[in-house]
Structure formats: C-alpha cells, structure tokens
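Heads up: the protein sequence lines correspond to chains A and B, in order.
The first sequence begins at 1 in this note's numbering and counts up one residue at a time.
The second sequence begins at 1 in this note's numbering and counts up one residue at a time.
One thing to keep in mind: the hints can contain errors.
Because identical chains cannot be distinguished in the list, a pair is counted as satisfied if it fits within a single copy or across any two copies.
As the list claims (entries may be wrong) - 20 Å max Cα-Cα, derived SDA-like pairs, lysine to any residue:
{"no.": "1", "residue 1": "K297", "residue 2": "N232"}
{"no.": "2", "residue 1": "K297", "residue 2": "D367"}
{"no.": "3", "residue 1": "K47", "residue 2": "F25"}
{"no.": "4", "residue 1": "K485", "residue 2": "E57"}
Derived from the structure by calculation, the hints contain no laboratory data.
Number of protein chains: 2
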Amino acid sequence: MKNALGREIPEQIGERELRPFKGAFATTPTAQKASRPQKTVKPGENKVLSSIEEAIEATGLSDGMTISFHHSFRNGDLLVNQALDACARMGLKDLRLFPTALFPVHEPLIEHIKNGVVTRIEGSMNGPVGAFVSQGGKLKAPGVLRSHGGRWRAVEAGDVKIDVAFIAAPQADPYGNANGIKGKTPCGPITFCTVDAMYAEKTVVVTNDLVPYPAYPFEIQQGWTDYIVVVNEIGDPESIASGTLMITRSPTRLKIARLASEAVRASGYLVDGFNFQGGAGGISLAATKFVGEEMAKLGIVGGFAMGGGTRLLVDILHQGLVRVILDGQAFDTAAIESLREDQNHVIMDPGQYANYDSRGCSTYMLDAAFLGATEVDLDFNVNVNTHSDGQLLHGIGGHQDVASGAKMTVITIPTLRGRLPVIVDSVTTVTTPGEVIDVIVTERGIAVNPRRENLKERFLAAGLPVRELKEIKKEANRLTRPPRKPIFGDEVIALIEWRDGTVIDTVRKVIGWE
Amino acid sequence: MKNALGREIPEQIGERELRPFKGAFATTPTAQKASRPQKTVKPGENKVLSSIEEAIEATGLSDGMTISFHHSFRNGDLLVNQALDACARMGLKDLRLFPTALFPVHEPLIEHIKNGVVTRIEGSMNGPVGAFVSQGGKLKAPGVLRSHGGRWRAVEAGDVKIDVAFIAAPQADPYGNANGIKGKTPCGPITFCTVDAMYAEKTVVVTNDLVPYPAYPFEIQQGWTDYIVVVNEIGDPESIASGTLMITRSPTRLKIARLASEAVRASGYLVDGFNFQGGAGGISLAATKFVGEEMAKLGIVGGFAMGGGTRLLVDILHQGLVRVILDGQAFDTAAIESLREDQNHVIMDPGQYANYDSRGCSTYMLDAAFLGATEVDLDFNVNVNTHSDGQLLHGIGGHQDVASGAKMTVITIPTLRGRLPVIVDSVTTVTTPGEVIDVIVTERGIAVNPRRENLKERFLAAGLPVRELKEIKKEANRLTRPPRKPIFGDEVIALIEWRDGTVIDTVRKVIGWE
Chain A
1 MKNALGREIP
11 EQIGERELRP
21 FKGAFATTPT
31 AQKASRPQKT
41 VKPGENKVLS
51 SIEEAIEATG
61 LSDGMTISFH
71 HSFRNGDLLV
81 NQALDACARM
91 GLKDLRLFPT
101 ALFPVHEPLI
111 EHIKNGVVTR
121 IEGSMNGPVG
131 AFVSQGGKLK
141 APGVLRSHGG
151 RWRAVEAGDV
161 KIDVAFIAAP
171 QADPYGNANG
181 IKGKTPCGPI
191 TFCTVDAMYA
201 EKTVVVTNDL
211 VPYPAYPFEI
221 QQGWTDYIVV
231 VNEIGDPESI
241 ASGTLMITRS
251 PTRLKIARLA
261 SEAVRASGYL
271 VDGFNFQGGA
281 GGISLAATKF
291 VGEEMAKLGI
301 VGGFAMGGGT
311 RLLVDILHQG
321 LVRVILDGQA
331 FDTAAIESLR
341 EDQNHVIMDP
351 GQYANYDSRG
361 CSTYMLDAAF
371 LGATEVDLDF
381 NVNVNTHSDG
391 QLLHGIGGHQ
401 DVASGAKMTV
411 ITIPTLRGRL
421 PVIVDSVTTV
431 TTPGEVIDVI
441 VTERGIAVNP
451 RRENLKERFL
461 AAGLPVRELK
471 EIKKEANRLT
481 RPPRKPIFGD
491 EVIALIEWRD
501 GTVIDTVRKV
511 IGWE
Chain B
1 MKNALGREIP
11 EQIGERELRP
21 FKGAFATTPT
31 AQKASRPQKT
41 VKPGENKVLS
51 SIEEAIEATG
61 LSDGMTISFH
71 HSFRNGDLLV
81 NQALDACARM
91 GLKDLRLFPT
101 ALFPVHEPLI
111 EHIKNGVVTR
121 IEGSMNGPVG
131 AFVSQGGKLK
141 APGVLRSHGG
151 RWRAVEAGDV
161 KIDVAFIAAP
171 QADPYGNANG
181 IKGKTPCGPI
191 TFCTVDAMYA
201 EKTVVVTNDL
211 VPYPAYPFEI
221 QQGWTDYIVV
231 VNEIGDPESI
241 ASGTLMITRS
251 PTRLKIARLA
261 SEAVRASGYL
271 VDGFNFQGGA
281 GGISLAATKF
291 VGEEMAKLGI
301 VGGFAMGGGT
311 RLLVDILHQG
321 LVRVILDGQA
331 FDTAAIESLR
341 EDQNHVIMDP
351 GQYANYDSRG
361 CSTYMLDAAF
371 LGATEVDLDF
381 NVNVNTHSDG
391 QLLHGIGGHQ
401 DVASGAKMTV
411 ITIPTLRGRL
421 PVIVDSVTTV
431 TTPGEVIDVI
441 VTERGIAVNP
451 RRENLKERFL
461 AAGLPVRELK
471 EIKKEANRLT
481 RPPRKPIFGD
491 EVIALIEWRD
501 GTVIDTVRKV
511 IGWE
C-alpha cells in the first residue's frame, strides 16, 4: 500500500499490521494505553545483585524476549556490550534489542547478530550496526526506527512490550532510585528510559556508584526497579559529545548559521517569551549562538530553551536570556553540571517533550528550531536516516517531534557535502514530511515552504536572500558529481515510524550501487 | 466474614466484593495495573477555559461519575466547595467524591449530600462531614478510607476509576504544567493527585496564578492535563497548618516526647544514616525536635527525614543533621520556601512514598517514626479514624504506610484525653494492626510489642521505664470516667482499607449512646 507521501509500505510485517502515514496530525488515538505490571516487595528485601548474569537469571530473561537500554552515554556507553556479552555467554538467543539508540561503540553487536543472540532491533542505529543491517539484512524482522517521542508512545501504547529494561545509572541507591546527573561518571538525564522502567516486566538498574538511600533526583524510582547491579564501569562520560559539539568553523556553514539566525530575527517570533531548540550539530550550534547574541542585542528575554543541553545553552541561561532550559539529554559536562546546580535547568522526560499520544508536548511550544538533514527534497521532505548511498546510518532523534511542534522549523544544510548534492528530487528516505518543515537555509539562499507565505514576505521585507528551492538545487547541481546510486533489493530492512506509530517510509536492503 | 483481626467484614457492598485483611504483608498482587486513557492534542489548540462550569461542560461530567481533589491546602481549600457548588448549579446528581481528604472547611458538602448531588465519598473525612456520615448515613454506599499509599494503589490498580480530576494548582501554565510550591498562594507539593492526573479520563487544573509556559517543577504534566481554568482563589495557604503545628507545651506531652526520643536513642538505630519521619502532631513535633538535638549531641548525620515538611525539619536539614528531606506535603510556609530553595528538600509522590503495589516505598527505609492514635489496644492495634464515641472524625493519612515500613514505629499517646482512656481492651476501629507497631510511649511508661523483645532489652539496659501495656492501662483506668459508649446500628457507613486494598475494619452507623 502507499502512504500519504506516496511511499510504498508493506501491509504487514510478520504478525504486525502496518498503519500507513496519513499526515503529521491525522491520527487520533482512542484506545487505552497498555497496562503496567503490578509489583511488590516487603520491607527488608534485598534488591542488590552482584553481576549482570545474576540479574539476567533473576529476571527470568529467556529466548525471544525484549531487552531495552538508554543511550545517554552516547558513544561512551559500556552497558549494551556488557549485557549482550553476558546474554551470549548464558546461551540466550533470539533477543529483540530495544535501545533508545546505538552508536559506533556498539559495533560488537554485529557478532551477536551473526550468532543469533540478537535477531531483531527496534531503535536508532547510528553507524556500523546500521550499515551492517543495510547490507547484510541478517535480522529476522525489519528494524523499527522511532523518534524520541515515538518510542515513548510505542511503549505506553503497548506496541512494544519490554521484558527486561537494563538502565545504566551513574548514581543509584540500594532500593533502585537512580539518576544520571550525579555519581562518578554522570551522563546527564536518563529519563529516556523512565518509560521503560515503568512498563518493563522487570527493571534492572546497573550502576558504578551505589550511594546510601536516597539517590535523587528520582529519574528512576525505587518502585519500578526490581534489581540493582553494581559494576565497575557503565560508560565514559567524555564520549557523550560524540563529536557533535564543536561550533562549525567552515565559512560556508557559518554563513548558513548566520542566515538562519537572521531568518529568526525577521520571522516576527523573536520577541519576549521566545522559545527555541538549540540542536547539537555544528551549524545548529552556531545558529543558536547567533540567536543568543541577537536576543542580547534586542534586550529580549526568552521563555525556554530546549536541549540537548550544551555549554552554549547554559551560557544563555546564565546571561538571563532565557528563563529556563528544558533538557532530555546532555551533550557536554557543562550541561550536566548546570542540571545539578541551576534550579532553572530542568530535566524533562520524552513523554513530556514529545509524546504524540498526550495532551501536549513541549515541542509544540517552540517558536523556532534548527535541525539538520542528510537530504531534503523539493517537497521539503527531510531525510536524516539514510545517506544518498542508501545506507541506514542515523537515528531520528527528536527530529520529527521538534519539526512537528515548532512554529518555525529551520533546516540548516549546505547544498553540497563533498561533491554530493543535499537537495534532491525525492529523498532516499522520508524521516519528516515537508508539511512540518517551514524554512530551508543553505549557503546559497533561503527557501520557504509555500505553506508559509507569511514568513516569505517577512524575509523579503528584511532583505534576506529568499529563493525557490529548485533554483538553489539547480545551482548546486552544477558543482556536484552524480551520487553513487544504490540498488535496493526487495527486502525491507527497517521501518521509519512517524511519531504517531504510522509508517512514513521503509528502508530497503542495499544490494549494490549503480 | 471475619478478617485476620477478627473484625466482621461484609462479603460484598453493592457490586464490590470485599477482600478481608489477612496480615500486613499477606497480599501479593499479580494482576496488571489499570490502563490509562490515550489522549492527544494538536499544536496551537487552546486548553484554557474561563470557568469551572465551562470545564464541567467540556469534560462531559455527568450523573453518577467520580470526581477527585487533593487536600494540599488542608483546611484552607476552596476548590472542593466551588466545584461542588458548580455541579449543584448545573443539576448534576449522584456524584462519587474521591478526595485525598476532606477538612472542616468542607462542611458545606453536607448540603450537597442531602440534596443528592454527592451520594458516595471515598476519602478521608476529617471533622463535620465524617460526623454527619457517622450519624446520618445518608450516603448510597459506605465511604472508603484509604491511606496515602493505599489511595495511590487503588487508582493504579483500577479499584477507583476517576472521571474528572480537579486539581487546585498554586501555579500553572496555559498548557497544564502545574506545581504547588510557587505562585501567589503556594500550598506545598500537590503530588497527591499526580496519580489522578495520569489516570483520570479528564484532568482539569484550576489555578489562581497562570504563568507563561513552562511552569515547573512538573508535579503535574501538560500531557495529562485536558483543561486549565483560571479562578480568583483556590485556597488560603495560611490555613494549611490546621492547628497541628505547635510543639506541645503540656508537661505530660513533653514528657512523652522526651521518652520517645530516649527510646530512639536507646534503640540502636540512632547512628549515621538514621532515617526518620517527623509527623505533625504536637507530641511528634516535640519528639522530632528532641531527636534532632540528640543527633547534634552525638555528631550523627542522618540519611533522610520524611515530612510532612515543617520548619523543624527544615532547621534539621540546614543544621546538616540529615542529608535530605523527602516531602509529600508541607505543613507550614517554611517548608514550602525550603522546597523552592533547597536542592536537598525533595518532592516525593505518594507512589514512591507508600504504594504497596510497587517495588519499594520510602517508608520501608525508615528507622524510626512517631505516630499518633485516638486509641490503642492491648494487641497494639491502633485507631486513628474514630473516637471512642464511635464517630468517624479523622483520615488515615500515612499512618498505615509509615507504621508498616519503619523499623521502629513509636505511637506517642497520653493515657488520658480529658478523662477518657486512650488505651482500651479493643480499639473501636482498627486502622493499623498491632503487628506493625513496635513501641507505645505514654507519660506512664513505655510498652514494647512482644514481637520486639530486642528493643525491650535495649530500653531496659538504658534504664527506660518499660512496662506492660495492660499495667499502664490499669493505672490510667483509675483516673478515667467511663467513656460514652456508642450504640452502633447494622449499617456500615465506612470501610477502612488496609494499604493493600483489603478491608481491615468497618465503621458502623452510630444510632445513640449508652
């Protein structure tokens, strides 16, 4: 069947009937959420176990079950590999892995896929695992990629039932309260897996810093935690940045960031109470910096800035340019420190941030947001998952959630990467539909979605270089070399879910290149 | 049928089959929790309504439905009366009222009961409403009293389905985030109704201080809130103390408090990491003060102190005698201010504090707790709900939850109130079973539950006046006048639930006095 964007979607995959994407806000959920397991414990019962193996034993984890992890350590995570190694040693097979995201550090997982320990993955696959899945297709079922809010929704809706949630916790107490902002190796908020802890049949907190009761803030609550395991290492906080955190020095990219900030200034949204999302890519960071400078110049006090938290946002908070930062994850140690110290730097879970099946997302209160793309097309559709060579290399993150919510969603992209074009006729994979994209800013000018005629007029009045997207594309194409076009097989290796649980696109196996 | 304490319990009331109390920790829940309704909203939708009537209309509230409220304004609450008046004006009938607690300020509710607007009440009835129900029996079904943790459990378990939760919020934003510690008239944490907000079909936040987005901390989240109503007044914060907050000046009561603190010192629990609950009655407050002084003298640093928060606990925190205060409610303005300012004064919801159907309660980590009683009996059973005249005048509060959890639960009581005896052969109503009561401290000596021989030995070694409870009773009885004994009718006017959802006792209609 074809979805509303004309993308071909299978009717069914395994036992799962797919719902095709119908539009960014076309779904109205009516069913009840899934129910959570009842649990109890008596006073004095010990919940602390001495190894991951012991926890696997205690939880009754067995073949075919689903295990989950959070990604707050990003490329510094050590728990996924430890836990899967333990599963492999214990002879477990056919597990479904449900991480919030995988990173290059999780490359050892490929062996576990080859050996049948892991046969399904639902979660973002950044880097080698994604490439392996794209080419190898060794999984028993297609991967499922969801946005931050989409994943939360899926757990609450019962689309994914977690058997055992393993939660890397920089600080925990012997009763299972845990947080990510304190401890020996803090990684920032760990509320991505709060929903896992609440809904999983069994929840295991794994920490390298067990402190006397109570560990707080209560990102994870004792009432949800079945077991606590103390290990030597859970993650390397130096690696959480994953190379996303340098403000770009490229003159082209700085130009894009400057244009993006000028677009915000011209939009009419940059007034007292202005709410914005920073983003963590090089261009987004620079644009955030420039917007902060504009706010200071204009004497504006914003409402909230939304993270991933960075030193840049913390500086903006400390300068009094916003009242509060809302953060679901931290991208550097300055943000983590601020989360500990600043009462106006507040942890926000993805349910609050971005859950479609709720009475409101923080993203819906955004005035402006800067987001990236691997590709955009002439319908303003955005791809952040695959490269033009067809390979699945990135997760969705909050892209869909933020783009859906912000009054002005700005995609900041260079027109060329190497000599590959970024603006194409039709994106390889649709992550986020054009209907929620307002502005595309490139070094060759600013394209405005025809749905936003009002913005276009404001930009023109401000003397900004507004151009048609197809003109920008045409100009860029003169400098590109033809991209290495992928040849796709029939096999669907991943589903891209829209945040409401419908399927917006599929990713097919790459069987070669033209 | 008879429950484990020999109390007669009806098998069924209306359509509800009752489960008899079997022991403090005899229940092992196995079912799933109730599921929550799916909700959604589109960006830009307005959720702010201009009156409670409009909210009643919008929620579809109709005859026979269940509405809920929190009690964080205690005797200063203005919302329950406003909302019920609105329901009455709109012709609604047969409502089930599900407050966390009612206070003397809610006396106007009696008219609504007489007029059939309210026909059932599940929640604590402190004062006139309780007395009216005891004597009048005008409700269609018995009231149900639950502990703080028991109420949370009941909602999660699906025992009570809330149609509309009305949440008095000292501060809220237009998207429905709300808290109780800021705003024009802060009342302290409002997390008693967090579970209502999550599980209710419709949630209405009623505030007198609507602030720009976002209002935080997120005690109530936007995602749960259907509507926000702005009114002039929701409560009088000066009244939250309800007269519970003066340290006693009675020499007899000070003696009890002193003995209780000496018992704690002698217990062996008063070492580094000592965790305790303060309580808010006059004797408990004094005992808490004395324990704080002991800790300072001994150079001990405790783990957590558990509220209701008071200036006394805040002082103990500021003196460095405990690492953190965990608070579900505030009993004075000093506690509210500290909740805003002190990072180590942490809001705790009743789910975390006391939910039996969870993998751990904060009360289970208590070393010592001071609690009150209207009566105790020779089996160490405690009554906090009825007076010896049979009238239902008080709620359970956290009594059951704390007593179940604390390693040493100390009941502090005078042996006489006026000339009425407090120690009786068998309590009028069992609120909390003797199996979880460790020590009863009176001005005539300390009685130790035979289950706690070890404590008795320690007290004797410390030279404390340990006596048999029946000896204390006998001595006191010489000074009492015979209490006005109630004559009970057959009609059960209230069920006292144990925190696991079983029925520990019933309260019958008082039809006269001997």
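Cross-check of the supplied hints:
In this assembly of identical chains, K297 and N232 lie within 20 Å of each other by CA distance neither inside one copy nor across copies; the values are 48 Å within and 38 Å between. In the homo-oligomer, the alpha carbons of K297 and D367 lie at most 20 Å apart inside one protomer (19 Å), although the nearest pairing across protomers, at 56 Å, exceeds that limit. Taking the closest pair of Cα atoms, K47 and F25 come within 20 Å of each other only across two copies (17 Å); inside a single copy the shortest separation is 43 Å, beyond that limit. Taking the shortest Cα distances, K485 and E57 never come within 20 Å of each other, neither inside one copy (47 Å) nor across copies (58 Å).
In summary, the structure is inconsistent with hints 1, 4 from the numbered list given earlier, while agreeing with the others.
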